[in-house]
Amino acid sequence: MIEGETLEIELVNNTDVTASLHAHGVDYETSSDGTRMNDSVVQPGGRYVYTWRTHTPGTRTDGTIEPGSAGYWHYHDHVVGTDHGTGGILRGLYGPLVVRRTGDILPDKTLTVVFNDMKTNNLTQAPNFTAKLGERVEFIVIAHGNLFHTFHIHGHRWADNRTGMLRGPQDHSRVIDTKTTGPAESFGFQVIAGERVGPGMWMYHCHVQSHSDMGMAGMFTVTDANGNVPGHSMDDMPSPSTSAMPGHSMEGM
Amino acid sequence: MIEGETLEIELVNNTDVTASLHAHGVDYETSSDGTRMNDSVVQPGGRYVYTWRTHTPGTRTDGTIEPGSAGYWHYHDHVVGTDHGTGGILRGLYGPLVVRRTGDILPDKTLTVVFNDMKTNNLTQAPNFTAKLGERVEFIVIAHGNLFHTFHIHGHRWADNRTGMLRGPQDHSRVIDTKTTGPAESFGFQVIAGERVGPGMWMYHCHVQSHSDMGMAGMFTVTDANGNVPGHSMDDMPSPSTSAMPGHSMEGM
Amino acid sequence: MIEGETLEIELVNNTDVTASLHAHGVDYETSSDGTRMNDSVVQPGGRYVYTWRTHTPGTRTDGTIEPGSAGYWHYHDHVVGTDHGTGGILRGLYGPLVVRRTGDILPDKTLTVVFNDMKTNNLTQAPNFTAKLGERVEFIVIAHGNLFHTFHIHGHRWADNRTGMLRGPQDHSRVIDTKTTGPAESFGFQVIAGERVGPGMWMYHCHVQSHSDMGMAGMFTVTDANGNVPGHSMDDMPSPSTSAMPGHSMEGM
Numbered sequence: 001m002i003e004g005e006t007l008e009i010e011l012v013n014n015t016d017v018t019a020s021l022h023a024h025g026v027d028y029e030t031s032s033d034g035t036r037m038n039d040s041v042v043q044p045g046g047r048y049v050y051t052w053r054t055h056t057p058g059t060r061t062d063g064t065i066e067p068g069s070a071g072y073w074h075y076h077d078h079v080v081g082t083d084h085g086t087g088g089i090l091r092g093l094y095g096p097l098v099v100r101r102t103g104d105i106l107p108d109k110t111l112t113v114v115f116n117d118m119k120t121n122n123l124t125q126a127p128n129f130t131a132k133l134g135e136r137v138e139f140i141v142i143a144h145g146n147l148f149h150t151f152h153i154h155g156h157r158w159a160d161n162r163t164g165m166l167r168g169p170q171d172h173s174r175v176i177d178t179k180t181t182g183p184a185e186s187f188g189f190q191v192i193a194g195e196r197v198g199p200g201m202w203m204y205h206c207h208v209q210s211h212s213d214m215g216m217a218g219m220f221t222v223t224d225a226n227g228n229v230p231g232h233s234m235d236d237m238p239s240p241s242t243s244a245m246p247g248h249s250m251e252g253m
Numbered sequence: 001m002i003e004g005e006t007l008e009i010e011l012v013n014n015t016d017v018t019a020s021l022h023a024h025g026v027d028y029e030t031s032s033d034g035t036r037m038n039d040s041v042v043q044p045g046g047r048y049v050y051t052w053r054t055h056t057p058g059t060r061t062d063g064t065i066e067p068g069s070a071g072y073w074h075y076h077d078h079v080v081g082t083d084h085g086t087g088g089i090l091r092g093l094y095g096p097l098v099v100r101r102t103g104d105i106l107p108d109k110t111l112t113v114v115f116n117d118m119k120t121n122n123l124t125q126a127p128n129f130t131a132k133l134g135e136r137v138e139f140i141v142i143a144h145g146n147l148f149h150t151f152h153i154h155g156h157r158w159a160d161n162r163t164g165m166l167r168g169p170q171d172h173s174r175v176i177d178t179k180t181t182g183p184a185e186s187f188g189f190q191v192i193a194g195e196r197v198g199p200g201m202w203m204y205h206c207h208v209q210s211h212s213d214m215g216m217a218g219m220f221t222v223t224d225a226n227g228n229v230p231g232h233s234m235d236d237m238p239s240p241s242t243s244a245m246p247g248h249s250m251e252g253m
Numbered sequence: 001m002i003e004g005e006t007l008e009i010e011l012v013n014n015t016d017v018t019a020s021l022h023a024h025g026v027d028y029e030t031s032s033d034g035t036r037m038n039d040s041v042v043q044p045g046g047r048y049v050y051t052w053r054t055h056t057p058g059t060r061t062d063g064t065i066e067p068g069s070a071g072y073w074h075y076h077d078h079v080v081g082t083d084h085g086t087g088g089i090l091r092g093l094y095g096p097l098v099v100r101r102t103g104d105i106l107p108d109k110t111l112t113v114v115f116n117d118m119k120t121n122n123l124t125q126a127p128n129f130t131a132k133l134g135e136r137v138e139f140i141v142i143a144h145g146n147l148f149h150t151f152h153i154h155g156h157r158w159a160d161n162r163t164g165m166l167r168g169p170q171d172h173s174r175v176i177d178t179k180t181t182g183p184a185e186s187f188g189f190q191v192i193a194g195e196r197v198g199p200g201m202w203m204y205h206c207h208v209q210s211h212s213d214m215g216m217a218g219m220f221t222v223t224d225a226n227g228n229v230p231g232h233s234m235d236d237m238p239s240p241s242t243s244a245m246p247g248h249s250m251e252g253m
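Protein chains in written order, with my numbering: chain A, 1 to 253; chain B, 1 to 253; chain C, 1 to 253.
No lab work stands behind these hints, which were simulated from the structure alone.
Any given hint could be a false lead.
Just so you know, same-sequence chains aren't split out, so a pair can sit in one copy or run between any two.
[Unchecked claim] Here are the computed lysine-lysine pairs in the BS3-like style, where the Cα-Cα straight-line distance is at most 30 Å: (1) Lys179 / Lys109; (2) Lys179 / Lys132; (3) Lys132 / Lys109.
Bound-form chain A, shown alone (with noise of 0.2 Å):
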């Protein structure tokens, strides 16, 4: 979305468990709240409209600034297993929410990494992603569950600020390579892949060794201008996984 839109997104439920969509960053009323105690969840075989708004920022009439929308959201739901939706989020029912203000710089790609307790993007070996040197690719890393996490990729670095990215020389933003992450939160980010690096296979991964080494690691192939990663044939490459990502960005809807 961008700062100043409004999403209706229907949820038809055609599982056999009241499921719910609650949202985060964007401003809606308690009846798309998607708790229970506000009444915004869906029976079985039921169908129901949330509306996400989102605004600029802006000065309230004290003086004081309304900070606007953007950010790296994310949107679960909030009622399966528990009225936390403990068992939604368990079983993958979550997505990232991508709000942008106007004038952010749009990415060739966009890559979702979620950390749910073990399993990222709901499998327990973490999926491989593959991109072109030099292209724009953005990353949204979103935890979730019981377990906290230090995202980290080799080879690249980010700005830890709203976008991941200085807007200047002016701007001071701490850079990182690893950032915890806990239940909930979510940041995004975007690098030029393989900038003053090159390809190669990098890993990216949860830094928690015991994460790591129990399958929170995946791939980030960045391959050259011909397709290839030098020093590797295409039999040592990982295939890039295509059904990965559960959900997947709403930016576009």
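Once you have looked at the hints, place chains B and C on chain A.
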């Protein structure tokens, strides 16, 4: 407190164990450190004056900047149970400590949430809060104990900086609605109750799923001009907790 | 290192297991990635040159800003025990890596604290440090292993940004004295020893209560002009640890 002020606080120990006060963020000599090794603890039946000083930002003689004391800080016992006050903290010997900068906007109401292991404000069921639509409500969030938490509130967001508010159009602090908070970390922010989302019952909770499921979730009820919450009868509405906070803000002292 | 410099570092493997160097923050090709899959590990008895490059901030041809390499980074083994170096890290194969920006203020002294599971600098009892009143002391804090920690120091605070110091009166970075740090995260800051609080024995510790209780607490002793700590005889004072840090800063290399 306001930057520049000094607080002298006398601890009268009516318990039967040695206790102390250790503050975060403010200036204190070792005699006000609140640790056994610095001889600044209080025997049962004793009394002791702790001195907490604060200062405005300034420039050092070498030209570097000395930060001011403003912040959402807190204080706690540092000697009950262990030399780190583990027993005192477990029992609730803590509270918020707000140091404001001259010119900081004052809230209409301050609410404090302390996630202390699996308790919230030392209650097994998190307390409920109430505000009127449009009130400027300040939240202070503190964690204690052994666990990490992610504070989340429905329908409201804040800026991830000192005040939780943007200073002006050029303040690009990240806007968030969920934040990892580990033991002895603290932060604060102000929201306009119900801004752009209306009155209603808005949950706040730790977003670690097992924590919210086990009681670390309470209600932030925003009433309309008539004191009602649309869609809920008065019987529905949670009672505001009256004795929820074990300590209370010292900003007015 | 200073932004723009390149470091070539030869690893001579005198152990009986394959080992490697993986760096955070700097630029390296896959041949210096330090991973088994990128064929950049060192057999027992072998030697290998890793090349770590750094760069200043700049503007890309598309007008976006490329961040510089400056930061409080670190390096570690990535192959001992598991393909993520879990065994190497457990045994202490890590160290800090500081990349400075031209013009950064240099400290009088640098102290490194690595929280590695329940050890600090690979010791079961955290080491003690000493500084003179008024010295500019740089702390580098790194976490490793499986646990999350909250670094806290008594009587001193820092800015939560790249350098831990405010750049000028318009730098509104949040000032903190406690910070969550997860595996492979790192940060640094400078304090003026004893500023506004005087000489004394100031604890630094992980503020997760069970961690500090079990030894993740040491002393930062600030001596007065005569080398004394008021209120403590020399017998009282903790000996500065002489062999505490398993690695050492590479900034001078």
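Hints and how they fare:
1. Lys179 / Lys109: Close inside one copy (21 Å) and across copies (27 Å); limit 30 Å.
2. Lys179 / Lys132: within (25 Å within a copy, 34 Å between copies)
3. Lys132 / Lys109: within (10 Å within a copy, 44 Å between copies)
Going down the numbered hints, you'll see the structure goes against none, and every one checks out.
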